[in-house]
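Build out the structure end to end from the sequences listed, making use of the hints.
If you're matching them up, the sequences are chains G and W in order. Once you know that position 50 of the first sequence is 50 in my numbering, the rest is easy, because the numbers rise by one and skip nothing. Once you know that position 32 of the second sequence is 1032 in my numbering, the rest is easy, because the numbers rise by one and skip nothing.
Please note: incorrect hints may appear among the correct ones.
[Stated by the list, open to error] Dumping the calculated DSSO-like pairs for lysine-lysine here, alpha-carbon to alpha-carbon at most 30 Å:
1. G:K68 with G:K102
2. G:K71 with G:K112
3. G:K5 with W:K1017
4. G:K71 with W:K1011
5. G:K102 with G:K54
6. G:K71 with W:K1015
7. G:K5 with G:K71
8. G:K102 with G:K112
9. W:K1057 with W:K1015
10. G:K112 with G:K68
11. W:K1011 with G:K102
12. G:K112 with G:K5
Simulated from the structure, these hints should not be mistaken for lab results.
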Amino acid sequence: DQQVKQNSPSLSVQEGRISILNCDYTNSMFDYFLWYKKYPAEGPTFLISISSIKDKNEDGRFTVFLNKSAKHLSLHIVPSQPGDSAVYFCAASESLTGGGNKLTFGTGTQLKVEL
Amino acid sequence: GAGVSQSPSNKVTEKGKDVELRCDPISGHTALYWYRQSLGQGLEFLIYFQGNSAPDKSGLPSDRFSAERTGGSVSTLTIQRTQQEDSAVYLCASSSRTGGTGELFFGEGSRLTVL
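Right, here's the structure in full:
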């Protein structure tokens, strides 16, 4: 049972346009949502996060939107650049007993930004 | 080093053999996590260490998997009697805090192939 779903395995956009990556979740207990970016042969790197009590968080070209009633979040990248081409993972965080956070990841969306 | 270090980067083994994967977290990070990514799948939580507390082993897929963390720093993930379905990239991550956004810093991973 996938608690975090990314239904689009790939997305292709033109340089300068907006990229929108989507993510759906099922567990209402998640308290933070995060986006990670992964290049081939590298570990995922943190991109941006949002608390479950917020509906928007912006950091430069990256904005994450959260719709709790729909259990949906999205990552907007504008303008998209060729260097943004990577796999993007949506992750949801829940607290572990004794502290720490367990991240549940989606299966990722391969973004390709074309010239 | 500045980041999370994992070794080996690649490991090919025969079915039934034991393997050990090593993780050296970022200095000062008290929280350490193991995840794995099988082909076409998202990252799957395996185990979490926080300081001297008992680890959260809720994600370990079978009793063939075990992990230890010595001195609150380096961790070793051991897989006994490896099976072909154990083939995956095993990722280690560390964090400087409990709670909060759950931002984790990942290593580059150890790719395990079981023949």
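Is G:K112 within 30 Å of G:K68, Cα to Cα?
Distance of about 28 Å is within 30 Å: holds.
Check whether the Cα positions of G:K5 and W:K1017 lie no farther apart than 30 Å.
The given pair, whose Cα atoms are some 34 Å apart, is violated under the 30 Å limit.
Are G:K102 and G:K54 close enough, with their CA atoms no more than 30 Å apart?
20 Å, holds
Please verify whether G:K71 and G:K112 have alpha carbons no more than 30 Å apart.
It holds: about 26 Å lies between the C-alpha atoms, which stays within 30 Å.
Given the hint that G:K71 pairs with W:K1011, does the C-alpha gap stay at or below 30 Å?
Not OK: G:K71 and W:K1011 at ~39 Å, beyond 30 Å, violated.
Does G:K102 lie within 30 Å of W:K1011 when you go C-alpha to C-alpha?
Satisfied, since the Cα-Cα distance of roughly 27 Å is no more than 30 Å.
Hinted pair G:K5 and G:K71, Cα distance within 30 Å:
Holds, because 11 Å separates the two Cα atoms, which is no more than 30 Å.
Do the alpha carbons of G:K68 and G:K102 lie within 30 Å of each other, as the hint requires?
Distance ~20 Å between G:K68 and G:K102 Cα, so the pair holds.
Are the Cα positions of G:K71 and W:K1015 separated by 30 Å at most?
It is violated: about 41 Å lies between the C-alpha atoms, which goes past 30 Å.
Hey, G:K112 versus G:K5, does the alpha-carbon distance stay inside 30 Å?
20 Å, holds
Given hint W:K1015 paired with W:K1057 - CA-CA distance at most 30 Å
This hinted pair holds, its Cα atoms lying about 24 Å apart.
Quick one, are G:K102 and G:K112 close enough, alpha carbons at most 30 Å?
29 Å, holds
When held up to the earlier numbered hints, the structure conflicts with 3, 4, 6 and fits the remainder.
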